[in-house]
Amino acid sequence: MTQIVVQKAGTLDMPLTIGGRSFTSRLIVGTGKYATNEVMVDAIRASGAEMVTVAVRRVDLDRTKEEGILHHLSPDEFFLLANTAGCYNAGDAIRYARLARAAGFNEWIKLEVIGDQATLLPDVHATLEAAKTLTDEGFKVMAYTNDDLITALRLEDAGCVAVMPLASPIGSGLGVVNPYFIREIKRRLEVPVIVDAGVGTASDACITMEQGVDGVLMNTALAAADDPVRMAHAMRHAIVAGRMAYLAGRMPSREIAVPSSPVQGMLD
Amino acid sequence: MSEATTIRVRLNGKERDVDSDHTVRSLLESLDLQPSLVVVELNREILARESYGETLIRDGDTIELVHFVGGG
Numbered sequence: 001m002t003q004i005v006v007q008k009a010g011t012l013d014m015p016l017t018i019g020g021r022s023f024t025s026r027l028i029v030g031t032g033k034y035a036t037n038e039v040m041v042d043a044i045r046a047s048g049a050e051m052v053t054v055a056v057r058r059v060d061l062d063r064t065k066e067e068g069i070l071h072h073l074s075p076d077e078f079f080l081l082a083n084t085a086g087c088y089n090a091g092d093a094i095r096y097a098r099l100a101r102a103a104g105f106n107e108w109i110k111l112e113v114i115g116d117q118a119t120l121l122p123d124v125h126a127t128l129e130a131a132k133t134l135t136d137e138g139f140k141v142m143a144y145t146n147d148d149l150i151t152a153l154r155l156e157d158a159g160c161v162a163v164m165p166l167a168s169p170i171g172s173g174l175g176v177v178n179p180y181f182i183r184e185i186k187r188r189l190e191v192p193v194i195v196d197a198g199v200g201t202a203s204d205a206c207i208t209m210e211q212g213v214d215g216v217l218m219n220t221a222l223a224a225a226d227d228p229v230r231m232a233h234a235m236r237h238a239i240v241a242g243r244m245a246y247l248a249g250r251m252p253s254r255e256i257a258v259p260s261s262p263v264q265g266m267l268d
Numbered sequence: 269m270s271e272a273t274t275i276r277v278r279l280n281g282k283e284r285d286v287d288s289d290h291t292v293r294s295l296l297e298s299l300d301l302q303p304s305l306v307v308v309e310l311n312r313e314i315l316a317r318e319s320y321g322e323t324l325i326r327d328g329d330t331i332e333l334v335h336f337v338g339g340g
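Protein chains in written order, with the working numbering: chain L, 1 to 268; chain S, 269 to 340.
The hints are simulated quantities; they were obtained by calculation from the structure and are not laboratory data.
The structure displayed is predicted, hence computed values, not measured ones.
Note that CB positions come from ideal geometry on N, CA and C, so glycine has one too.
Each hint should be verified, as a subset may be incorrect.
What the hints assert, rightly or not - Distance windows between CB atoms, simulated:
#  : chain 1 : residue 1 : chain 2 : residue 2 : range
1  : L       : Ser22     : S       : Gln302    : 27 to 37 Å
2  : L       : His71     : S       : Glu318    : 16 to 26 Å
3  : S       : Ser288    : L       : Leu153    : 52 to 62 Å
4  : L       : Ala224    : S       : Asp285    : 40 to 50 Å
5  : L       : Asp157    : S       : Thr273    : 53 to 63 Å
6  : S       : Asp287    : L       : Ala35     : 36 to 46 Å
7  : L       : Gly104    : S       : Asp327    : 22 to 32 Å
8  : L       : Thr119    : S       : Thr273    : 50 to 60 Å
9  : L       : Gly104    : S       : Thr274    : 29 to 39 Å
10 : S       : Asp300    : L       : Gly115    : 30 to 40 Å
11 : L       : Thr17     : S       : Glu318    : 28 to 38 Å
Stated by the list, open to error - Here are a few chain L residues that sit away from chain S, every Cβ distance over 10 Å (derived from the structure):
#  : residue
12 : Arg45
13 : Gly48
14 : Leu121
15 : Glu129
16 : Glu137
17 : Ser168
18 : Ala245
With these hints in hand, go ahead and build the complete structure from the sequences.
Written out as structure tokens, the structure is:
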């Protein structure tokens, strides 16, 4: 059971520390698929997230120059975590990571190597290969992976600063489909475990955090909500609620009723 | 008298004719792009921002201009 000393610091939790950097929020959010840039910025602010993911793509030379996300999102306000989304082999992921670092903000990368177009499940062999190269090159790698313990352990051995198993497929909103494996990965790894992908609504986020993981990364759950800003508020609360419930230690569940009021002292 | 000539490059996946006297910096300017927000890959090598001004675009170059967009 995790021990926390709370009263002294006047807080109920410790910061999330990844790769030597501390974050107050345990929620990391993506910046894709929003209807407008204004809604995106409002939702991200409402979520309380300090780390946000971005993708590396060609400048569209036929369109407006305002297309780049940094015209809307200040790197002074948010910590940018570039991803290698869309890459299907280690070589491409390494290339995208190097381009992202050359943008000049930081040496962090959300490594993602997809193995299958239909499910967007990760190619764990290619992910591991790319992780080794990138950590050797000084990158701080946060690796998206499936909920397989052995892969998670190998990614930690490769020097990743965080391992990010999926709750369920990217964009599916199915919630955490295998809480046991998520808990097992968290139990066995020393680096932070961030659940990345699959959270659909606030209860999913809360249940994910109740497994004891260090944080959650989400994008579509906010961007595809009818009201992304309101959902971002909900997610902020859900992440805190799930974290607090985990740290508090839940009561045992049992399939019998136990009265909450004294059985003594009843009138004749 | 030298006449302005053009060269053909592959820019972000499309063949394009550009003036032969372009540096990377002047090319970005001509495209109305802020150098600080763009990363340039020239013939598969990432180009340091410091060398944009002195790097000449050559006929047949493959240039990729990338930046950050929304993503998860």
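Going through the hints against the structure:
1. L:Ser22 x S:Gln302: 27 to 37 Å: For Gln302 (chain S) against Ser22 (chain L), whose Cβ atoms are near 31 Å apart, the range 27 to 37 Å holds.
2. L:His71 x S:Glu318: 16 to 26 Å: Distance hint for His71 (chain L), Glu318 (chain S) holds at roughly 24 Å.
3. S:Ser288 x L:Leu153: 52 to 62 Å: At 55 Å between Cβs, range holds.
4. L:Ala224 x S:Asp285: 40 to 50 Å: holds, 42 Å
5. L:Asp157 x S:Thr273: 53 to 63 Å: holds, 56 Å
6. S:Asp287 x L:Ala35: 36 to 46 Å: Given about 39 Å between the Cβ atoms, the range holds.
7. L:Gly104 x S:Asp327: 22 to 32 Å: Distance hint for Gly104 (chain L), Asp327 (chain S) holds at roughly 29 Å.
8. L:Thr119 x S:Thr273: 50 to 60 Å: holds, 51 Å
9. L:Gly104 x S:Thr274: 29 to 39 Å: holds, 32 Å
10. S:Asp300 x L:Gly115: 30 to 40 Å: At 39 Å between Cβs, range holds.
11. L:Thr17 x S:Glu318: 28 to 38 Å: Taking Cβ atoms as reference, Thr17 (chain L) and Glu318 (chain S) lie about 34 Å apart, which means the hint holds.
12. Arg45: holds, 15 Å
13. Gly48: holds, 18 Å
14. Leu121: Holds: least Cβ distance 15 Å, greater than 10 Å.
15. Glu129: The assertion about Glu129 (chain L) holds, with a minimum of 19 Å to chain S.
16. Glu137: At about 12 Å from chain S, Glu137 (chain L) clears the 10 Å cut-off, so the statement holds.
17. Ser168: Consistent with the label, Ser168 (chain L) stays out of reach of chain S, its closest Cβ about 14 Å off (over 10 Å).
18. Ala245: holds, 26 Å
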